[in-house]
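*Asks:* Start from the sequences, fold in the hints, and give me the full structure.
As given, the protein sequences belong to chains X and Z, one line each in that order. Numbers 1 to 109, taken from the numbering used here, label the letters of the first sequence in order. Numbers 1 to 114, taken from the numbering used here, label the letters of the second sequence in order.
Just so you know, the hints here were simulated from the structure itself, not pulled from any lab data. Predicted model, so just to flag it, every value in this text is computed and none were measured. All the given hints hold, so there is nothing to weed out.
30 Å max Cα-Cα, derived DSSO-like pairs, lysine-lysine:
#1 X:Lys42 to Z:Lys83
#2 X:Lys42 to Z:Lys96
#3 Z:Lys78 to X:Lys101
#4 Z:Lys78 to X:Lys42
#5 X:Lys101 to Z:Lys83
#6 Z:Lys83 to X:Lys1
#7 X:Lys1 to X:Lys42
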Amino acid sequence: KQEVTQIPAALSVPEGENLVLNCSFTDSAIYNLQWFRQDPGKGLTSLLLIQSSQREQTSGRLNASLDKSSGRSTLYIAASQPGDSATYLCAVPDGKIIFGKGTRLHILP
Amino acid sequence: EPEVTQTPSHQVTQMGQEVILRCVPISNHLYFYWYRQILGQKVEFLVSFYNNEISEKSEIFDDQFSVERPDGSNFTLKIRSTKLEDSAMYFCASSKQGHRETQYFGPGTRLLVL
Chain X
1 KQEVTQIPAA LSVPEGENLV LNCSFTDSAI YNLQWFRQDP GKGLTSLLLI QSSQREQTSG
61 RLNASLDKSS GRSTLYIAAS QPGDSATYLC AVPDGKIIFG KGTRLHILP
Chain Z
1 EPEVTQTPSH QVTQMGQEVI LRCVPISNHL YFYWYRQILG QKVEFLVSFY NNEISEKSEI
61 FDDQFSVERP DGSNFTLKIR STKLEDSAMY FCASSKQGHR ETQYFGPGTR LLVL
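*Replies:* Structure follows, in structure tokens:
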């Protein structure tokens with residue numbers, strides 16, 4: 001049964017710093033991996049989707065990597081801004097989508 | 001850019017009442033999903049729907065729940081007799097070709113059962 005774990009659960013960093021969010025999954029036979037952003041009380045915004053054949057995907061200041069063999073993905077955020085404050089969710093499809101609990105990110109102005 | 005919409009954004013109901021949550025998926029998508037998120041917990045899968053039938057459901061999706069695509073655009077989740085523990089944010093999602101592709105999520109309906 002697929003399980004998704006995200007570390008750390010919460011993170012506070014000063015504005016301007018680069019940071020890395022971690023995601024691990026137990027079953028490496030995945031089709032893709034998706035990173036979402038969730039603002040408090042709001043819906044889910046898809047940030048990046050990495051196909052199983054890819055190693056990384058980039059969108060602006062965000063870069064997601066995927067290492068299927070070790071069951072890990074990272075989301076790298078460059079030059080963080082207060083507007084990046086949100087919960088970041090990692091998710092893998094297993095018929096349906098299995099979500100991690102998320103990392104709650106707070107960027108300090 | 002097309003998006004998934006959900007109504008209502010908030011709903012308050014009394015325990016034992018029926019509620020219907022509505023979703024309009026992206027128009028050329030073929031796969032539809034419902035998820036829920038209890039406050040402070042993970043987003044959990046409820047049900048997936050394709051070709052006018054349920055393709056997969058979780059153990060949460062018991063006989064109190066049902067889904068329907070009553071016309072060409074709406075996708076609904078009905079909870080027959082709400083319980084306190086049904087209080088959660090309910091998200092609808094859709095995708096063009098199943099779980100191997102990006103699922104696009106709606107903004108959610110916050111359901112509070114009193």
